[in-house]
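J.: Take a look at the letters that make up each chain.
2 protein chains.
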Amino acid sequence: MSLATARMVPMANAIRALSMDAVQSANSGHPGMPMGMADVATVLWSEYLKHDPAVPDWADRDRFVLSAGHGSMLIYSLLHLTGYAAPTMEDIRNFRQIGSPCAGHPENFLLDGVEATTGPLGQGLAMGVGMAMAERHLNATFGDELVDHRTWVIAGDGCLMEGINHEAIGLAGHLKLGRMTVLWDDNNITIDGTTDLSTSEDIKARYEATGWHVVSCDGHDFDDIRRAIDEAIADDRPSLIACKTVIGKGSPNKQGTSATHGAPLGDDEIAAAREVLGWESAPFEIPEDVVSDWRGSTDRGVQARADWRNRLEQHGDRDEFLRRMAGDLPESFSLDGYIQSLIDEPQKVATRKASEMALAEINANLPDTIGGSADLTGSNNTKAGGIGPFTADDYSGRYVYYGIREFGMSAAMNGMALHGGVIPYGGTFLVFTDYCRAAIRLSALQQIRTVYVMTHDSIGLGEDGPTHQPIEHVQSLRMMPNLLVMRPADTVETAECWDIALRQKDRPTVLALTRQGLPQVRTEMAGENCSARGAYRVKSANADRKVILIATGSEVSLALECAARLEADGIGADVVSMVCTQLFDEQDDAYRADILPDVAPEQLLRVSIEAGTTFGWDRYTMTHGLRIGIDRFGASAPAGDLFEKFGLTADAIVPQIMNKLNG
Amino acid sequence: MSLATARMVPMANAIRALSMDAVQSANSGHPGMPMGMADVATVLWSEYLKHDPAVPDWADRDRFVLSAGHGSMLIYSLLHLTGYAAPTMEDIRNFRQIGSPCAGHPENFLLDGVEATTGPLGQGLAMGVGMAMAERHLNATFGDELVDHRTWVIAGDGCLMEGINHEAIGLAGHLKLGRMTVLWDDNNITIDGTTDLSTSEDIKARYEATGWHVVSCDGHDFDDIRRAIDEAIADDRPSLIACKTVIGKGSPNKQGTSATHGAPLGDDEIAAAREVLGWESAPFEIPEDVVSDWRGSTDRGVQARADWRNRLEQHGDRDEFLRRMAGDLPESFSLDGYIQSLIDEPQKVATRKASEMALAEINANLPDTIGGSADLTGSNNTKAGGIGPFTADDYSGRYVYYGIREFGMSAAMNGMALHGGVIPYGGTFLVFTDYCRAAIRLSALQQIRTVYVMTHDSIGLGEDGPTHQPIEHVQSLRMMPNLLVMRPADTVETAECWDIALRQKDRPTVLALTRQGLPQVRTEMAGENCSARGAYRVKSANADRKVILIATGSEVSLALECAARLEADGIGADVVSMVCTQLFDEQDDAYRADILPDVAPEQLLRVSIEAGTTFGWDRYTMTHGLRIGIDRFGASAPAGDLFEKFGLTADAIVPQIMNKLNG
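Heads up: the sequence lines are chains A and B, in that order.
Using UniProt numbering, you'd call the opening residue of the first sequence number 1 and step up by one each time.
Using UniProt numbering, you'd call the opening residue of the second sequence number 1 and step up by one each time.
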């Protein structure tokens with residue numbers, strides 16, 4: 001039921017006109033890509049994409065990701081033309097202006113129908129892989145009746161050149177995600193000029209080598225585009241469609257050059273393009289028949305959604321499916337009993353092991369989780385609770401062997417979280433947050449529940465040395481907006497942190513966990529998730545309070561040791577476990593003042609102890625407090641020797657406190 | 001002049017024995033890789049590698065990088081056996097112990113002959129690409145007589161799976177770096193198990209698609225290894241040699257499994273391996289004839305170095321070549337005159353543009369620089385001073401079109417800096433430090449001069465929105481050890497920062513530069529590089545001093561505006577430009593106390609102003625100071641609207657200061 005080419009052409013030109021005009025009006029933006037891919041997008045959205053603009057959160061809709069996010073006017077045009085409630089034409093007029101949902105790059109939290117925030121290149125495609133994984137997993141869980149959709153990605157040369165592309169397509173190829181299709185805007189142009197300035201790669205051969213099906217088409221020939229998409233659908237591998245396009249297509253003097261990539265075309269050139277395209281409408285006006293053709297194209301999706309709704313209502317798993325897609329935990333889910341058992345029977349284990357113990361409880365009782373590790377399963381302790389591998393042969397599995405692909409893993413987890421219905425977590429060493437930091441930032445910006453299980457969180461990992469020892473990492477992640485960074489001290493806090501992380505529907509969590517064993521510091525205070533306060537008193541001063549020791553993770557037990565020595569000398573010392581600075585900062589004034597009273601250091605000295613940078617700890621110690629930490633790179637040696645070398649022992653710390661008190 | 005197999009076998013087994021024994025003694029480490037690659041390494045080092053152990057810094061030596069750095073015992077064994085001054089056998093005995101140069105992963109700053117710090121996977125190979133680029137550039141500059149060597153990399157499956165591999169080999173293939181060879185330890189094993197757990201890729205086909213020559217060999221057959229290396233040398237493309245090996249080769253019960261990857265074999269298994277290998281020496285003892293064969297293998301290199309030395313002494317460019325390899329700037333090099341001219345003629349430009357202006361001076365007068373950008377040349381303003389492209393056809397060029405490969409670019413720059421003879425700089429948007437942060441960390445850890453030109457450094461970039469707007473980046477980089485993070489305020493400071501960066505032989509620099517135009521704040525104080533102090537007073541209080549405004553980059557002019565308003569109300573205000581916190585922290589107490597006197601806020605209020613996170617600014621404002629910044633993600637709008645939205649205007653700031661003063 002394809003429309004005749006004569007009716008398709010103006011549908012595509014509507015995208016071109018809106019893109020030219022919006023960029024011109026904003027005097028900023030990227031017209032080249034939407035104009036170049038307008039024909040491909042028109043075929044995809046009007047004939048293939050399964051969606052219902054009236055119900056943008058329909059669970060079984062196809063997912064569409066504009067990985068080349070700078071071409072944002074493409075998706076804004078498509079959403080508007082197909083009849084989504086937003087963006088309105090007024091929003092499009094205000095492209096890139098304050099308050100408009102039509103931001104410079106598409107933001108998932110501003111517009112329904114924008115499935116992912118894109119712009120940081122390569123990540124959209126990699127999130128698409130995660131969406132396709134979630135789709136297959138939910139299909140294996142709930143069946144074709146409820147879950148049976150595709151993932152479509154539009155990517156540019158930049159997305160394909162980024163390193164994450166290699167990781168993402170390696171994972172997708174290995175997992176045979178045949179319901180994923182990448183439409184590559186093969187226009188031979190990057191910002192700096194033609195692609196041959198910087199690459200000589202045979203992209204199609206590379207994709208084939210990575211387990212992908214590859215097909216090419218003329219990106220300006222509707223029939224050829226249809227043929228290529230049909231071939232992609234027919235193949236059971238993930239597909240790359242190389243769409244040969246002309247960037248800025250329709251701009252007579254600039255098309256095919258990098259001049260159209262990231263700047264307005266200019267009024268004269270837009271006038272000339274209107275000539276060439278035969279587009280006679282005023283800026284931001286679309287002829288009624290074109291609007292009508294675009295709106296009519298969604299009939300398929302509307303019907304499909306109605307059919308699906310009927311199937312859902314009669315489905316035995318209806319409530320469970322809806323619960324999972326809503327992102328709610330089962331009402332029965334609770335770790336309280338488990339945490340009580342930990343308090344009752346103290347034990348000395350590494351927090352990575354404590355995380356494994358918590359996961360055994362969680363995975364057995366919460367079917368939503370999909371775990372994994374970037375080839376450090378035994379070190380990150382991420383496989384627990386009897387979950388089996390997620391493989392091309394068995395998508396019902398809940399454990400992903402991500403391979404040595406930290407960034408790809410993180411982006412895939414973001415894609416899963418965006419898709420919904422699953423709660424992804426994955427592990428690597430904390431120091432390798434540097435490899436996936438750009439994806440962690442997108443977890444935070446997109447307001448999604450991705451859980452990072454980051455082990456080996458300090459010099460306490462020992463012999464692997466400075467390349468593997470985080471120094472600045474925990475602190476530097478704490479300043480990322482909307483991210484919870486948690487560094488628990490023992491089994492109890494680790495379980496509490498997991499409980500908190502799972503209940504964050506709109507923000508991600510980084511768990512920083514030790515390699516080395518830690519004594520249990522929490523042997524009381526059951527019945528309340530103390531970590532949820534961000535910081536709390538693990539021990540109150542016995543003698544007259546002179547000191548507050550503020551520590552995290554492995555250093556909480558060290559702080560307790562210091563406190564014991566101080567108390568023995570008649571110096572009262574609180575010990576505060578600062579599990580999560582962000583959550584502490586969110587507490588009310590009274591609570592914060594109770595834990596950290598605003599008193600001059602002569603009366604009450606605050607001391608921070610963390611086996612990482614001291615930069616920024618002034619925030620909690622106050623200026624004249626004492627900051628114990630490590631402000632250089634680590635070294636290779638057994639952990640005990642390193643804690644001694646870097647002065648993270650009671651023997652080294654207590655005298656400094658005494659000096660300060662007496663100073 | 002190959003030795004007979006009967007003499008090669010014990011040479012290789014010496015590596016195996018040392019690796020088994022050192023890991024066992026440390027009770028920690030990775031025996032599998034050195035044992036598996038012992039035969040390949042023996043052929044390479046004894047018959048091909050051009051080196052002279054007595055002169056490890058010989059400029060024309062081949063570069064060898066152990067990208068799979070966890071197999072560090074391989075390089076320690078090779079250095080010891082071929083007669084480098086270090087490691088001694090005592091050092092090897094103390095593998096992974098405190099103070100031993102035989103750290104868990106190879107560290108370039110601990111041992112001559114370790115060309116790069118490796119361990120973070122994929123980066124060794126990518127640094128090898130940079131070394132090969134530097135070699136070709138210096139060859140084009142100084143000719144075959146002085147520069148004519150190869151780059152060899154040993155890489156594992158992890159290095160090949162990491163995203164950076166794609167970027168690195170894409171660059172190397174495009175640039176036709178035919179003197180680079182990667183020996184892939186093709187053992188089908190990763191930490192989690194066999195590689196088919198996580199990948200189905202045809203690696204050889206992928207490399208071929210990326211412009212590489214690929215050859216395979218039996219990694220345990222000396223003749224076959226020689227054949228493959230000869231083929232690699234003969235081909236003018238970069239080569240991948242797939243060395244089919246058995247991980248842990250020689251361990252009868254564990255070889256070929258992930259059990260040998262990262263754990264000691266155990267005493268019993270080591271005894272069994274000694275049987276199998278016919279190795280009768282005690283731990284840490286090598287038979288004299290084996291030592292003799294290893295030492296004899298370096299005769300080629302010793303002779304080559306003597307010949308080279310003769311050529312150098314007679315070479316017209318001798319002094320210049322030695323200067324460049326020593327990393328010294330020409331004595332005549334100075335930006336003083338240029339900076340004076342800036343002070344004389346104030347102008348309003350973006351600091352990215354100011355950087356371009358400085359580079360025009362630098363590149364014209366300092367032949368050492370090799371610039372580039374990750375496909376943002378026109379945005380980063382990195383091409384200046386008349387330098388031409390570095391291409392496969394012309395390696396004398398000094399500008400690299402890195403493509404959309406931020407991480408690969410950064411690692412390549414590290415490789416160039418490690419190679420010596422060149423000073424690499426390269427640009428992308430500051431927010432994309434998240435893509436290359438792991439390489440920035442290796443710049444710092446390796447103590448090398450890599451200069452990162454990071455533009456678009458705040459919400460001041462405007463319409464591109466939150467994905468492109470740094471918030472936490474500047475501050476989070478400041479806490480990385482041994483890294484200079486500089487945020488200059490105008491043309492003068494930008495030139496000063498460039499001068500400082502170029503003179504850091506042992507640490508990298510990140511320049512954070514604006515997209516938007518900035519008024520010139522420095523119109524006096526010529527003759528001294530004020531930025532070298534890290535922070536200095538741009539303006540002293542006129543009225544009675546009550547406030548110190550501490551600002552960086554684009555906010556220095558804003559601080560001056562605030563100060564003018566305060567002074568108009570009779571409130572004296574200093575304005576301090578905090579160009580580089582690290583350099584300021586290194587000043588003596590007297591200087592720091594002069595700039596930021598330790599006085600109670602009631603007497604002297606400190607206010608920080610930076611268009612980024614306020615987290616950590618307590619360090620300079622003191623607890624009861626005022627911190628103006630942005631603690632959430634940005635937004636898409638014109639820059640002026642955003643500064644207003646986020647309260648970074650004098651109208652918004654001055655009342656807060658007044659409140660605080662009156663509070």
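Watch out, some of these pointers could steer you wrong.
Since the list can't tell identical chains apart, any single copy or any two copies may satisfy a pair.
Here are the computed lysine to any residue pairs in the SDA-like style, where the Cα-Cα straight-line distance is at most 20 Å [what the hints assert, rightly or not]:
id : residue 1 : residue 2
1  : LYS539    : GLU288
2  : LYS505    : ASN27
3  : LYS505    : GLN314
4  : LYS353    : VAL9
5  : LYS539    : ASP317
6  : LYS505    : ARG533
7  : LYS645    : ALA86
8  : LYS353    : ILE191
9  : LYS204    : PRO389
10 : LYS660    : GLN303
11 : LYS539    : ASP267
12 : LYS645    : GLN97
13 : LYS546    : PRO264
14 : LYS546    : VAL654
15 : LYS348    : GLY397
16 : LYS176    : GLN656
17 : LYS546    : LYS660
18 : LYS348    : ALA272
Bear in mind the hints are in silico, worked out from the structure with no lab data behind them.
J.: Next step is simple, just say for each hint if it's right about the structure.
T.: Structure-based check of all given hints:
1. In the homo-oligomer, the alpha carbons of LYS539 and GLU288 never lie at most 20 Å apart, since the shortest distance is 72 Å inside one protomer and 62 Å across protomers.
2. Taking the closest pair of Cα atoms, LYS505 and ASN27 never come within 20 Å of each other, the shortest separation being 37 Å inside a single copy and 43 Å across copies.
3. When the C-alpha separation of LYS505 and GLN314 is checked against a cutoff of 20 Å, the pair qualifies neither within a copy, at 28 Å, nor between copies, at 71 Å.
4. Taking the shortest alpha-carbon separations for LYS353 and VAL9, neither the intra-copy value of 60 Å nor the inter-copy value of 43 Å comes in at or below 20 Å.
5. Taking the shortest alpha-carbon separations for LYS539 and ASP317, neither the intra-copy value of 48 Å nor the inter-copy value of 70 Å comes in at or below 20 Å.
6. When the C-alpha separation of LYS505 and ARG533 is checked against a cutoff of 20 Å, the pair qualifies only within one copy, where the shortest distance is 18 Å, while the shortest distance between copies is 46 Å.
7. Taking CA atoms no more than 20 Å apart as the test, LYS645 paired with ALA86 passes in neither setting, with 59 Å inside one copy and 23 Å between copies.
8. In the homo-oligomer, the alpha carbons of LYS353 and ILE191 lie at most 20 Å apart only across protomers (18 Å), although the nearest pairing inside one protomer, at 48 Å, exceeds that limit.
9. In the homo-oligomer, the alpha carbons of LYS204 and PRO389 never lie at most 20 Å apart, since the shortest distance is 30 Å inside one protomer and 27 Å across protomers.
10. With identical chains, the CA atoms of LYS660 and GLN303 are never at most 20 Å apart, being 74 Å at best within one copy and 62 Å at best between copies.
11. For the identical chains of this complex, LYS539 and ASP267 are neighbours neither inside a copy (70 Å) nor across copies (45 Å), given an alpha-carbon limit of 20 Å.
12. For the homomeric pair LYS645 and GLN97, the shortest alpha-carbon distance between copies (12 Å) is at most 20 Å, but the shortest distance inside one copy (54 Å) is not.
13. Taking the shortest alpha-carbon separations for LYS546 and PRO264, neither the intra-copy value of 64 Å nor the inter-copy value of 48 Å comes in at or below 20 Å.
14. For the homomeric pair LYS546 and VAL654, the shortest alpha-carbon distance inside one copy (13 Å) is at most 20 Å, but the shortest distance between copies (37 Å) is not.
15. When the C-alpha separation of LYS348 and GLY397 is checked against a cutoff of 20 Å, the pair qualifies neither within a copy, at 32 Å, nor between copies, at 60 Å.
16. Taking the shortest alpha-carbon separations for LYS176 and GLN656, neither the intra-copy value of 59 Å nor the inter-copy value of 58 Å comes in at or below 20 Å.
17. For the identical chains of this complex, LYS546 and LYS660 are intra-copy neighbours only, at 11 Å inside a copy versus 29 Å across copies, given an alpha-carbon limit of 20 Å.
18. For the identical chains of this complex, LYS348 and ALA272 are neighbours neither inside a copy (74 Å) nor across copies (36 Å), given an alpha-carbon limit of 20 Å.
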